[in-house]
Amino acid sequence: MARLQGKYALITGGTSGIGLETARQFIAEGATVAITGRSQSALDAAGQALGGKALLLLSDAGDIPQQRELAQRLGQRWPRLDVLYINAGDVTHRPLQEWDEQSYQRLMDINLKGPFFLIQALLPLLLKSHAGSLVFTSSSVGRTGRADWGAYAVSKFATEGMMQVLADEYKNRNLRVNCINPGGTRTKMRASAFPHEDKNKLKTPADIMPLYLYLMGEDSRRKTGMSFDAQPNRKPGAAE
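Its first residue numbered -11, the sequence shown is counted upward by one per residue in the working numbering.
These are computed hints drawn from the structure, not numbers from a lab. Note that the coordinates shown come from a computational prediction; the quantities given were computed from them, not determined experimentally. Ideal placement from N, C-alpha and C gives every residue a C-beta, glycine not left out. There could be a bad hint or two in this list.
No more than 27 Å apart at the CA atoms, straight line, and that leaves these computed lysine-lysine pairs for DSSO-like [unchecked claim]:
#: 1; residue 1: Lys191; residue 2: Lys41
#: 2; residue 1: Lys116; residue 2: Lys159
#: 3; residue 1: Lys211; residue 2: Lys116
Pair by pair, the computed Cβ-Cβ distance ranges are [stated by the list, open to error]:
#: 4; residue 1: Pro53; residue 2: Asp136; range: 30 to 36 Å
#: 5; residue 1: Pro198; residue 2: Arg134; range: 24 to 30 Å
#: 6; residue 1: Gln90; residue 2: Glu206; range: 43 to 49 Å
#: 7; residue 1: Arg68; residue 2: Tyr202; range: 18 to 24 Å
Could you put together the complete structure from these sequences and hints?
If you want it as structure tokens, here you go:
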């Protein structure tokens, strides 16, 4: 039996990389899937890659009114939300001293503020699930500070904290909340941060999917408030 049969899953930032592969795997496991993206062309391409089997939602993760509207639209279409994967994000590799206020605020809106208010708006729908799962994309630089990651690292530290707060608030309810650090993975975002890296030495998004399926499925119902590594034996690099 498909592990996610009958479940409703929303993946933010689902047009490429890990988000797109997660959507592909969820659909294969029987889930009804929606993905978000900030570009209509990217959404259309992702929709084709997914065989027209995903609901495509144009949404800028850093735009708070759009996040609330997104939650309202889902509430009108779906009876509940079983899986929420917060994957939309921005990566900028820059020392703290080089951040200006505008670029700092934009990254924080995408990585932290937008997800905060999207989750707030989606909580009623999540709590209609008998076993809801909320998962954030994290990073090792959100657990141990590392030079040259500035606001990005700060946003990931805050993401880990938000996960812990939510997990504690809903530990006695039908909602579990966790983080996944994917580690160095062969994606366009990774390549933009490390253009000279040999991508063939990196895992593909498909390689790290077992953990994602585990945390979204029934087997992980008692796991909450935890930070997982998709590549636990990999020595962390500068952006993992």
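Here's how the hints hold up against the structure:
A hinted pair counts as satisfied when its Cα atoms are at most 27 Å apart, and Lys191 with Lys41 qualifies at roughly 26 Å. Distance hint between Lys116 and Lys159 is fulfilled; the C-alpha atoms sit about 15 Å from each other, no more than 27 Å. Between Lys211 and Lys116 the CA atoms are separated by roughly 19 Å; this keeps the pair inside 27 Å, and the hint holds. Restraint check, Pro53 to Asp136: a C-beta distance of roughly 33 Å satisfies the suggested window 30 to 36 Å.
Distance hint check for Pro198 and Arg134: the Cβ-Cβ separation is about 27 Å, which falls inside the suggested range of 24 to 30 Å. A hinted range of 43 to 49 Å holds for the C-beta pair Gln90 and Glu206, which are about 44 Å apart. The beta-carbon spacing between Arg68 and Tyr202, approximately 21 Å, falls within the hinted interval of 18 to 24 Å.
In this structure, every one of the numbered hints holds.
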